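Novice: Those sequence lines, one after another, are chains A and B. Reminder that position 38 of the first sequence reads as 38 in my numbering, one-by-one numbering, no gaps. Reminder that position 149 of the second sequence reads as 149 in my numbering, one-by-one numbering, no gaps.
In case anyone wonders, no lab produced these hints; they're calculated from the structure. All figures in this text were calculated on a predicted structure; none of them were measured in a lab. Any given hint could be a false lead.
[Unchecked claim] Cβ pair distances, simulated, as ranges: (1) 143(B) - 2(A): 30 to 40 Å; (2) 58(A) - 44(B): 38 to 48 Å; (3) 30(B) - 88(A): 22 to 32 Å; (4) 3(B) - 88(A): 35 to 45 Å; (5) 89(A) - 161(B): 18 to 28 Å.
Yeah, the Cβ is synthetic: ideal placement off N, Cα and C, and Gly gets one too.
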Amino acid sequence: MMVPLHYYLVLSAVVFCVGVVGVLVRRNLIIILMSVELMLNAINLTFIAFARALGSMEGQVIVVFVMTVAAAEAVIGLAIVIAGYRHRPTLDPEEMHLLKG
Amino acid sequence: MSVEEIGFFLLATFLVGFSVLVILARNPVHSALALVAALFIMAVLFLTLNAPMVAALQVLVYAGAIMVLFLFVLMLLNPGTVERGSALAWGLTATAGAVLALELIGFVMPAADSVQRLPTSEIESRFGSPEALGLTLFSGFVLPFEVASVLLLVAIIGAVTLARRTKE
Chain A
1 MMVPLHYYLV LSAVVFCVGV VGVLVRRNLI IILMSVELML NAINLTFIAF
51 ARALGSMEGQ VIVVFVMTVA AAEAVIGLAI VIAGYRHRPT LDPEEMHLLK
101 G
Chain B
1 MSVEEIGFFL LATFLVGFSV LVILARNPVH SALALVAALF IMAVLFLTLN
51 APMVAALQVL VYAGAIMVLF LFVLMLLNPG TVERGSALAW GLTATAGAVL
101 ALELIGFVMP AADSVQRLPT SEIESRFGSP EALGLTLFSG FVLPFEVASV
151 LLLVAIIGAV TLARRTKE
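Extracted from the complex, chain B is given alone in its bound form (with noise of 0.2 Å):
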């Protein structure tokens, strides 16, 4: 096995691990610390594909932003700990979630072997970049910018009218 694939292998297992923990721990802040480190080793997961600028969006937006945001909601309801429901449940879902696991892959598998990867030296140097990505960004993908400002707007007036409290 070459470096590469120890490394992978190695992100891979924390990824599958943190994930699991998310699912499994029975405090809500444990599951939220779980989900950031899981987003952290999908942000070098992402970095080893040649995607730095998505790599730091993913540490900025999700584990920096959305994160805090769960940790606060966290917070103020204060919810501690939680039953994780029954044994025969878990057992239930788990066989149903490995059955779609394996289907995924059956499905993904054929797709993965038409596709070559491209070797690093094909790869154009900018690959990835900030620039090549505001490039594609808004040469060919203006529109649905436009519709994802409106959508941050329509969500942040949406947040703001739910959790504002109602006279009753």
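Chain A extracted, bound-state conformation (with noise of 0.2 Å):
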């Protein structure tokens, strides 16, 4: 007796909007990037799951390409975090309109 595949859906659906509400509701830049990681790793499960439901090595493939995208993305991230932290020493989204005109 295996474990059926939606188990792993729901699972899935509910780290995904753990993550979401991660993004929503903190104040500080550096969990909310940790919150889009958590939310790339819930959609890393779908895929590997539905590739062991379909016997297709395709959806492994796919998650190696998130987790380059989601490097990058990490890499990008703190790198402006750290650039802003320089002008203005605070982590919160709200406090950086260095941007505004």
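Combine the two chains into a complex, taking the hints into account.
Specialist: In structure tokens, the structure reads:
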């Protein structure tokens, strides 16, 4: 007896929504970036679950690409955080209006 | 309930628990450590889905490289504990998140019903191995692979440019 596919999909949906709530409610840029990583990982779980259910390797290949994009996103996001922190030492996105006219 | 199901529910409970801890913790370092734990549990879930190579990459790339980067930035900036926001904001967002979760579940359930999970006997033994992953990657996904390498190059250059101290 193995675990059915929809268990994994429900788990993935729940973790994704935890990430969404984190992005919406937290007022700290680094934690917002971490919540985005959580959302990307939840999607990875969906891909892997479907790859297993369909017996196709393509889902796993997509996950490798998602990891690449997530790494790039984290690097650029954190670099922007550091660059912004130098101008104004805060991590609150509400305080970051440097580009406002 | 079978042993597999008990194991799955155990992993799922810990995964959701650590995910909630990521967004609840006052101290960002605690958030980062909870995220590392969540990513490790995710890797174990990948293992249960016949994806050992992706599970290894998950631990190396996510829990290893990306989270070390997050912790480095946290130690560098040392923001200390931060305000978590008002109870009203939390209530509203948590409600919205719960509604979204229910919608997503309602959306994926029909999809899950239409896909019958292959029994283990019908999965080929190499499924999820580095060999199978490499064969699929380099037979059908050569162009995306090259684009990904360009993306990583752009990310490196962008990070160096952004983090460089500009002369006033």
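Novice: Can you list which hints this structure breaks, lowest number first?
Specialist: 2 and 4
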